[in-house]
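There are 2 protein chains.
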Amino acid sequence: MRGARGLGSAPGEEVRISVLGALPEIVPGDDLPAMLAAVAADAGVQPGDVVAIAHKPVSKAEGRVVRLADVQPGDEARFLAGETGKSPELCELILGESRKILRRRRSLLVCETHHGFVCANAGIDASNTAEGTVVLLPVDPDVSARRLQHALSDVAGGRVAVVITDTHGRAFRRGLVNVAVGIAGFEAVLDHRGGRDREGRMLVATDQALGDEVAAAAGMLMGKASGRPAVLVRGLVTAPAPGTLHALVRVPEQDVFRAEVDADGVVR
Amino acid sequence: MRGARGLGSAPGEEVRISVLGALPEIVPGDDLPAMLAAVAADAGVQPGDVVAIAHKPVSKAEGRVVRLADVQPGDEARFLAGETGKSPELCELILGESRKILRRRRSLLVCETHHGFVCANAGIDASNTAEGTVVLLPVDPDVSARRLQHALSDVAGGRVAVVITDTHGRAFRRGLVNVAVGIAGFEAVLDHRGGRDREGRMLVATDQALGDEVAAAAGMLMGKASGRPAVLVRGLVTAPAPGTLHALVRVPEQDVFRAEVDADGVVR
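So the protein lines, in turn, are chains Y and H. For the first sequence, position 137 (counting from the first letter as 1) is numbered 137 according to my numbering, and the numbering increases by one without interruption. For the second sequence, position 205 (counting from the first letter as 1) is numbered 205 according to my numbering, and the numbering increases by one without interruption.
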């Protein structure tokens, strides 16, 4: 019998997701890769495991913490502050992190970040950080993920993949989900084209966003305020690869929801 | 030490996701709740478990399989067929399942279904079904989920929650993810507002789309063509509730990406 009792189950039959010990509060300059690797080693990390970690400790270790009092807001930020009710300093930071403000409604600012993410406030977060400070996304989360991957793979003695996550809202659906904002060590999107269904017909259009599925799975255990930033995913079959967030980010030119359309929704 | 070795871990510290045995090929009229309950009983399903199942066997059991040759396409379907290269019969079905076609580009049709889902082809699927037939989404997937929930809870002797899933593309991000299209037995969106972060500040805007995170987690194990439609999720802490897909579906009036906007993206 496969399934719930299947501790000896075949690869790809069971995935276990567990909280990866506790990390201390991270401050700029901390050697997060070494700290995470130590916690993972205690938890018995193995080759083939995937470690998911929220971006916030990564950002903090990399010094992406800004004191709002140190920010000089410009005219655009002051205008946006008046429109949204946010502080001019926060608006200045949001503008700095954004290629474009895609949507604005009252206090809501949906931004396209320089990485290509579409999310509220360009991913800038004021929770779980010292009063008067905010946390920005890592400058290059793939590079951050790769550093973690190297440290984790060293202690595991083989490939450990890494997903750095953030919680994003979505168009069309309510609620936030944990998504991948940085990837190292595996293919974040699996291309099933060329596979066949049970009737032997070719499958089309079946790119699986595995990186985001891993992030969402880890999100089930990452409480919002409970100090559980890192999660171990064991038993998932992944394709070894350098891995990159760009596999998951749709460029604006290929996105029918950022394209010019006519009244019938036809992309021009 | 918590974590990977934590078989006796505290609630919410470890989640195990496993393939729930094999179901035979489902045909219209099959008693899927009884069949799924039998497989789940063999796997040792317990109160508190969540069972995720792809919509296709659910739809098939409920007779939502249509022979394209039986469909009479109207004028709008014929027009759409000419524009997209799809068959007029398929276009007729897509129109019938849709409130609105939101976007169209070459063969791509992004639809808003009567349930409120935004997805390609109104969720109609031609893979893993007999030649010349297609599978529609269940008419009311929450009702479908509730039937499965009752059968599963009976054999478990307590509450087993259910998520019916489908794979959808997303705006802004590449690749498909498994999302919830039907819910029974738990709160699909958790409201963390009123909680506090580690510094004691109130958390805002932190609705967690747990139903979609469960679906995505299950998606890691649901191969596209491998006959693994059902997955058992054990160890997840859920809030008992009737549950509904509508917790996860944003109504168009609240969606800034379906709103009228000015050139700056400001919602009118």
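Derived from the structure by calculation, the hints contain no laboratory data. There may be inaccurate statements among the hints.
In silico EDC-like links for lysine to aspartate or glutamate, alpha-carbon gap of 20 Å or less [as the list claims (entries may be wrong)]:
(1) K100/Y / E89/Y
(2) K100/H / E83/H
(3) K100/H / D125/Y
(4) K100/Y / D125/H
(5) K86/Y / E76/Y
(6) K86/H / E260/Y
(7) K100/H / E89/H
(8) K86/H / E25/H
(9) K100/Y / E83/H
(10) K86/Y / D264/H
(11) K100/Y / D70/H
(12) K100/H / E260/Y
(13) K86/Y / D70/Y
(14) K100/H / E76/Y
(15) K86/H / D70/H
(16) K100/Y / E89/H
(17) K100/H / D264/Y
(18) K100/Y / D75/Y
Since the model is a prediction, treat every value here as computed from it, not as a measurement.
_Restraint check for K100/H with E76/Y, where alpha carbons must lie at most 20 Å apart_ = Violated, because 37 Å separates the two Cα atoms, which is more than 20 Å.
*Would the pair K100/Y and E83/H pass a check requiring their Cα atoms to be no farther apart than 20 Å?*
violated (32 Å)
*Sort out whether E89/H lies within 20 Å of K100/Y, counting only the CA atoms.*
Cα-Cα ~41 Å, so violated.
*Given the hint that K86/H pairs with E260/Y, does the C-alpha gap stay at or below 20 Å?*
violated (23 Å)
*Are the Cα positions of K100/H and E83/H separated by 20 Å at most?*
holds (16 Å)
_20 Å limit on alpha-carbon distance, applied to hinted pair K86/Y and D264/H_ = holds (18 Å)
_Between the alpha carbons of K100/Y and E89/Y, is the straight-line distance 20 Å or under?_
holds (18 Å)
*Assess, step by step, whether the Cα of K100/H is no farther than 20 Å from the Cα of E89/H, and give holds or violated.*
Holds, at about 18 Å.
_Given hint E76/Y paired with K86/Y - CA-CA distance at most 20 Å_ = Holds. K86/Y to E76/Y sits at ~13 Å (cutoff 20 Å).
*asked:* Would the hint linking K100/Y and D125/H be met if the CA-CA limit is 20 Å?
replied: violated (36 Å)
*Between K100/Y and D75/Y, is the straight-line Cα distance small enough, at 20 Å or below?*
The hint holds at about 16 Å.
*Taking 20 Å as the top limit, are the C-alpha atoms of K86/H and E25/H close enough?*
violated (27 Å)
Checked against the numbered hints given earlier, this structure breaks hints 3, 4, 6, 8, 9, 11, 14, 16; the rest are met.
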